[in-house]
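Throw the hints in and build the complete structure from the sequences for me.
In case you want the letters, here they are:
2 protein chains.
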Amino acid sequence: MADAERKLSNGKSRIDFQTDPSKYRHWKLELDGDVAILLMDVDEKGALFEGYELKLNSYDLGVDIELADAIERLRFEHPEVKVILLRSGKPRVFCAGANIRMLAGASHAHKVNFCKFTNETRNGIEDASEASSLRTICVINGTAAGGGYELALAADHIMLVDDGSSTVSLPELPLLAVLPGTGGLTRVTDKRKVRRDHADVFCTTEEGIKGKRAVDWRLVDEVVPGSKFEETVAKRAKEFAAKSDRPAGAKGITLKPLRRERSADAVDYSAVAVELARARLATITVRGPEAPPPASADAMVAQGAEFWPLRVARELDDAILDIRANEFDIAAIVFKSSGDPAQVIAYDAFLEANKDHWLAREIRNLWKRVLKRVDLTSRSLVALVEPGSCFAGTLAELAFATDRSYMLAPSLPSPAKRVEDARERADAGGGLGRGLDNKPPATMMLAEVNFGAYPMSNGLSRLASRFLADPSDLDKAKAEIGKSLDAQAAEGLGLVTFALDDIDWEDEIRLFLEERASFSPDGLTGLEANLRFGGPETMESKIFARLTAWQNWIFQRPNAVGEEGALKRYGTGQKPAFDTRRV
Amino acid sequence: MADAERKLSNGKSRIDFQTDPSKYRHWKLELDGDVAILLMDVDEKGALFEGYELKLNSYDLGVDIELADAIERLRFEHPEVKVILLRSGKPRVFCAGANIRMLAGASHAHKVNFCKFTNETRNGIEDASEASSLRTICVINGTAAGGGYELALAADHIMLVDDGSSTVSLPELPLLAVLPGTGGLTRVTDKRKVRRDHADVFCTTEEGIKGKRAVDWRLVDEVVPGSKFEETVAKRAKEFAAKSDRPAGAKGITLKPLRRERSADAVDYSAVAVELARARLATITVRGPEAPPPASADAMVAQGAEFWPLRVARELDDAILDIRANEFDIAAIVFKSSGDPAQVIAYDAFLEANKDHWLAREIRNLWKRVLKRVDLTSRSLVALVEPGSCFAGTLAELAFATDRSYMLAPSLPSPAKRVEDARERADAGGGLGRGLDNKPPATMMLAEVNFGAYPMSNGLSRLASRFLADPSDLDKAKAEIGKSLDAQAAEGLGLVTFALDDIDWEDEIRLFLEERASFSPDGLTGLEANLRFGGPETMESKIFARLTAWQNWIFQRPNAVGEEGALKRYGTGQKPAFDTRRV
Numbered sequence: 001m002a003d004a005e006r007k008l009s010n011g012k013s014r015i016d017f018q019t020d021p022s023k024y025r026h027w028k029l030e031l032d033g034d035v036a037i038l039l040m041d042v043d044e045k046g047a048l049f050e051g052y053e054l055k056l057n058s059y060d061l062g063v064d065i066e067l068a069d070a071i072e073r074l075r076f077e078h079p080e081v082k083v084i085l086l087r088s089g090k091p092r093v094f095c096a097g098a099n100i101r102m103l104a105g106a107s108h109a110h111k112v113n114f115c116k117f118t119n120e121t122r123n124g125i126e127d128a129s130e131a132s133s134l135r136t137i138c139v140i141n142g143t144a145a146g147g148g149y150e151l152a153l154a155a156d157h158i159m160l161v162d163d164g165s166s167t168v169s170l171p172e173l174p175l176l177a178v179l180p181g182t183g184g185l186t187r188v189t190d191k192r193k194v195r196r197d198h199a200d201v202f203c204t205t206e207e208g209i210k211g212k213r214a215v216d217w218r219l220v221d222e223v224v225p226g227s228k229f230e231e232t233v234a235k236r237a238k239e240f241a242a243k244s245d246r247p248a249g250a251k252g253i254t255l256k257p258l259r260r261e262r263s264a265d266a267v268d269y270s271a272v273a274v275e276l277a278r279a280r281l282a283t284i285t286v287r288g289p290e291a292p293p294p295a296s297a298d299a300m301v302a303q304g305a306e307f308w309p310l311r312v313a314r315e316l317d318d319a320i321l322d323i324r325a326n327e328f329d330i331a332a333i334v335f336k337s338s339g340d341p342a343q344v345i346a347y348d349a350f351l352e353a354n355k356d357h358w359l360a361r362e363i364r365n366l367w368k369r370v371l372k373r374v375d376l377t378s379r380s381l382v383a384l385v386e387p388g389s390c391f392a393g394t395l396a397e398l399a400f401a402t403d404r405s406y407m408l409a410p411s412l413p414s415p416a417k418r419v420e421d422a423r424e425r426a427d428a429g430g431g432l433g434r435g436l437d438n439k440p441p442a443t444m445m446l447a448e449v450n451f452g453a454y455p456m457s458n459g460l461s462r463l464a465s466r467f468l469a470d471p472s473d474l475d476k477a478k479a480e481i482g483k484s485l486d487a488q489a490a491e492g493l494g495l496v497t498f499a500l501d502d503i504d505w506e507d508e509i510r511l512f513l514e515e516r517a518s519f520s521p522d523g524l525t526g527l528e529a530n531l532r533f534g535g536p537e538t539m540e541s542k543i544f545a546r547l548t549a550w551q552n553w554i555f556q557r558p559n560a561v562g563e564e565g566a567l568k569r570y571g572t573g574q575k576p577a578f579d580t581r582r583v
Numbered sequence: 001m002a003d004a005e006r007k008l009s010n011g012k013s014r015i016d017f018q019t020d021p022s023k024y025r026h027w028k029l030e031l032d033g034d035v036a037i038l039l040m041d042v043d044e045k046g047a048l049f050e051g052y053e054l055k056l057n058s059y060d061l062g063v064d065i066e067l068a069d070a071i072e073r074l075r076f077e078h079p080e081v082k083v084i085l086l087r088s089g090k091p092r093v094f095c096a097g098a099n100i101r102m103l104a105g106a107s108h109a110h111k112v113n114f115c116k117f118t119n120e121t122r123n124g125i126e127d128a129s130e131a132s133s134l135r136t137i138c139v140i141n142g143t144a145a146g147g148g149y150e151l152a153l154a155a156d157h158i159m160l161v162d163d164g165s166s167t168v169s170l171p172e173l174p175l176l177a178v179l180p181g182t183g184g185l186t187r188v189t190d191k192r193k194v195r196r197d198h199a200d201v202f203c204t205t206e207e208g209i210k211g212k213r214a215v216d217w218r219l220v221d222e223v224v225p226g227s228k229f230e231e232t233v234a235k236r237a238k239e240f241a242a243k244s245d246r247p248a249g250a251k252g253i254t255l256k257p258l259r260r261e262r263s264a265d266a267v268d269y270s271a272v273a274v275e276l277a278r279a280r281l282a283t284i285t286v287r288g289p290e291a292p293p294p295a296s297a298d299a300m301v302a303q304g305a306e307f308w309p310l311r312v313a314r315e316l317d318d319a320i321l322d323i324r325a326n327e328f329d330i331a332a333i334v335f336k337s338s339g340d341p342a343q344v345i346a347y348d349a350f351l352e353a354n355k356d357h358w359l360a361r362e363i364r365n366l367w368k369r370v371l372k373r374v375d376l377t378s379r380s381l382v383a384l385v386e387p388g389s390c391f392a393g394t395l396a397e398l399a400f401a402t403d404r405s406y407m408l409a410p411s412l413p414s415p416a417k418r419v420e421d422a423r424e425r426a427d428a429g430g431g432l433g434r435g436l437d438n439k440p441p442a443t444m445m446l447a448e449v450n451f452g453a454y455p456m457s458n459g460l461s462r463l464a465s466r467f468l469a470d471p472s473d474l475d476k477a478k479a480e481i482g483k484s485l486d487a488q489a490a491e492g493l494g495l496v497t498f499a500l501d502d503i504d505w506e507d508e509i510r511l512f513l514e515e516r517a518s519f520s521p522d523g524l525t526g527l528e529a530n531l532r533f534g535g536p537e538t539m540e541s542k543i544f545a546r547l548t549a550w551q552n553w554i555f556q557r558p559n560a561v562g563e564e565g566a567l568k569r570y571g572t573g574q575k576p577a578f579d580t581r582r583v
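Keeping their order, the protein sequence lines are chains L and C.
Quick note: the first sequence uses the numbering used here, first residue 1, plus one each step.
Quick note: the second sequence uses the numbering used here, first residue 1, plus one each step.
Just to be clear, a hint being listed does not mean it is correct.
Which copy is meant is left open, because identical chains are indistinguishable; a pair holds if it fits in one copy or across any two.
Said to hold, decoys possible - Derived BS3-like pairs (lysine-lysine); straight-line CA-CA distance at most 30 Å:
1) Lys191 x Lys476
2) Lys478 x Lys191
3) Lys476 x Lys228
4) Lys212 x Lys45
5) Lys439 x Lys251
6) Lys193 x Lys368
7) Lys191 x Lys368
8) Lys235 x Lys251
9) Lys191 x Lys45
10) Lys28 x Lys45
11) Lys7 x Lys90
12) Lys45 x Lys256
13) Lys28 x Lys12
14) Lys212 x Lys478
15) Lys193 x Lys476
16) Lys193 x Lys478
17) Lys483 x Lys193
18) Lys476 x Lys212
19) Lys7 x Lys45
20) Lys23 x Lys12
21) Lys251 x Lys23
22) Lys212 x Lys23
These are computed hints drawn from the structure, not numbers from a lab.
So this is what it looks like as structure tokens:
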């Protein structure tokens, strides 16, 4: 099946993940003290691609990009908000789910990326609750079908009006022959803990479930008569707000538009640079801080979106999303860094010292989510730890997120020769003891943050995932916190895959990257999805592993996407024709 | 991509999972006291299908059926065996893995089923070790590539000869653009706990890894010089045997050929009957014991393969495998039972009382594996609990394994009418208080075995998986052990999905089964694979969820199976042509 290539609306050539409330077409954000009302009111004419309309509050990636932005802004710009009321701006419908025409016409790659991003957004809503006690109450006054109910599942509390017609449903299988793949099936079994046979009935019942049964089967938390609905919603909002520890008096910061300049083969941000120069290879270089951390938490707030850790996290997130959604041909992402490791560590120490400050907490949680986004990016990930790099503390997590990392070790033919070389370089302007390119030899540095602040979706830190075989390796690494680790030490501790000297460096890296680009892209996606997540599973990792993998499979099956498949035939009046063989 | 339909060898029309050592073409089983040598010596001309040869100890489903049989026979026929030496009967090659020509020409459905069965066989080897302390040492004297190394991964101990050329490898991705999907990737990360970046290097290195690095990277347990190889193998066998609790003096039983009669639309075993009469529906009826359990463990041994629990387990296993591999068009399997619940419970009590006897232990473990096979069968599973049925104890697990269960409740229009009806039936030959068809109303009965003896692949009992939301439901069910539970009680405890009276029964069941057959078979496979396994994950469940789902996806991608894909082009001298987009 050839992947359809659809045109973006309004003559755009790239999907852009940056937006702000002044540009929203599908959501309205209303603030009322510690309660935010996030109103879904999708503009039918505001589709991301040409060729379909977003009827009945159905959504596409463009709608979800705005939702993700709104949640981020509530976290950073409105620390006083404790409860989000997620509701519909349309009568009789909460949300009809992912737009079917969009799905039917989308390329396989876009469908997969769309599901991944929507899943990350739903996880983000849950992270706001768990990590920042910003609770979400989903207020369903109408039908919540498919992705609409999956969105509801991300909330802490689901309220359904008891009006005899409002239902929740997951009709994807009966109607479209695909799965409720935006976390739906997994949240039904693992979050809502719906009994498996009830879940089977629910997921095969097109018309959905309402009233008492919806509560008895744990599909919603309460059904409320229409006459008491608004009053009860207000009461719940108050109750949930009372349990939140978000700061009542704090003033937020503004998430200013990113500084971003794009050329044919590069994207430059303030502290992140993306090069797309070489065939099928993207290099992302993260620059360390130019100045020491601010003197106080207040000074951090005053820096706002310019504060280095926040700035880098937002830029890196955009860079990753841009490659994922727009640069399908990229086989591998190479992470580099430049700067002073000690400065990176100083910022980590600053955030650690201020970890009870709401903004520090939000920034750490943002890093956690961005790093998870890296883990889940279906490109080969490589880190090159070179002289002048600063893979330390938080930035070292980038190296630990990769499939492989290489560290350049100074080649030391003999101590005498070394001194001679160094003298030569010193004469040429460099200092004694410096290596290649006149920079000090590459080092890495560990910090406390590498041991739990940024769990992967499997619940473990990247180092714990790395050292599953022998947890004492984790203790050995911990003992080196704060020390400057040269290539030999880093390799010895298992922090990098290979330390190579400068004789081998270029050839080895080139050969490796060429080899990587020669392999089947699909095979690599599957391989990496398995090798990156050893050990335990969580609801989140189950969504990205079990559910997503099955959905990706089904998204290729003729019964769903073939010319006679359910997704293509939906709404045509013709029934789908299925290959009846069970596989 | 149309699924290729390949012909079975020798004019056969069905894949048969029954065999015995006298028929083996690919394995030799040698016994030496408490050590069994299982020699892989694949007959090139013995392929299951036409069109390929099994060179270099490569395997197809036929080879694996013999392996599974050999392991079962060691468990039942040779309780004195404590260690299996798994080795090759060919020089310089241990095993070249799954046959590539077989894979390249197989239908998608066969590939998926082949991988599932081979995975179950590898899990069976591990179960023999964990549950029966029958250890496996894999003796690699040559190359172990792909599925060959995946087979080694199932062993307790992997020995590799240090001869400068013998390697272990997982070259599937570089050579074939598919995954090491017979548990390989998951066992590398979760069993061998190979560091993820080392695993990345290993799985992309065609030529494999040998010598010290293979040990350092945890890929094998030891490398041994050729001169000391046999001596060390013998030493290890002795060491592992010393740690086994298998009974030294016991005499095994013979796993006699199943009594099995096949007609056009039915398969009849001694205690299991399969009907394929209705369109896309298979009904499996399990008959309860005809006689009470034997008086003693010795009497059980004397009954041997005729002992009811063993007989039913073997027959049920064959019935399930037969449907999986030969009846692709079957949408749903309906489980029924007939017999006396008290007798089933009596056999459970007998096995419980003799649980330290080697044969009782093996029978329980066989049931555990057969029930797991049911869980993993990609057909909709339904239980109908009707008057005269005996879903009690071990057989109740069948009902708990289904996606949905229905229980027939006597319709009781009024107490007076009930007595009148009963009198009429009594006059017609039935007893007082009997229901439909002159049988007593349907009941279920719980036993201790329902609370842990038969864990699913996620590590939980079926009831614990069912009651994830509220573990107190598990306690409530436990309190009912041994009581005869009518439809109302069973529904109230959550043991069945719906209790229906006889007014609704036939229509409801018919509508449900028709509806099920109308859905996309692929969608149902994905849905059920997600809903059946809520809660925690184990290495085993990760193999069947994460790894298998990704492999199934890749098994459809043109980069693997297309005309220009790696699997099709392998060995042709032409390089595969890949769609380079990452998804």
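To see whether the hints hold, each was checked on the structure:
no.	hint	in the structure
1	Lys191 x Lys476	between (36 Å within a copy, 22 Å between copies)
2	Lys478 x Lys191	between (34 Å within a copy, 25 Å between copies)
3	Lys476 x Lys228	neither (60 Å within a copy, 36 Å between copies)
4	Lys212 x Lys45	neither (37 Å within a copy, 64 Å between copies)
5	Lys439 x Lys251	neither (43 Å within a copy, 74 Å between copies)
6	Lys193 x Lys368	both (26 Å within a copy, 25 Å between copies)
7	Lys191 x Lys368	both (21 Å within a copy, 28 Å between copies)
8	Lys235 x Lys251	within (25 Å within a copy, 72 Å between copies)
9	Lys191 x Lys45	neither (35 Å within a copy, 52 Å between copies)
10	Lys28 x Lys45	within (16 Å within a copy, 70 Å between copies)
11	Lys7 x Lys90	within (28 Å within a copy, 58 Å between copies)
12	Lys45 x Lys256	within (27 Å within a copy, 70 Å between copies)
13	Lys28 x Lys12	within (24 Å within a copy, 66 Å between copies)
14	Lys212 x Lys478	between (53 Å within a copy, 27 Å between copies)
15	Lys193 x Lys476	between (39 Å within a copy, 18 Å between copies)
16	Lys193 x Lys478	between (38 Å within a copy, 20 Å between copies)
17	Lys483 x Lys193	between (46 Å within a copy, 28 Å between copies)
18	Lys476 x Lys212	between (55 Å within a copy, 23 Å between copies)
19	Lys7 x Lys45	within (15 Å within a copy, 54 Å between copies)
20	Lys23 x Lys12	within (15 Å within a copy, 67 Å between copies)
21	Lys251 x Lys23	within (23 Å within a copy, 79 Å between copies)
22	Lys212 x Lys23	neither (40 Å within a copy, 60 Å between copies)
The structure fails to meet hints 3, 4, 5, 9, 22 from the earlier list, while all remaining hints are met.
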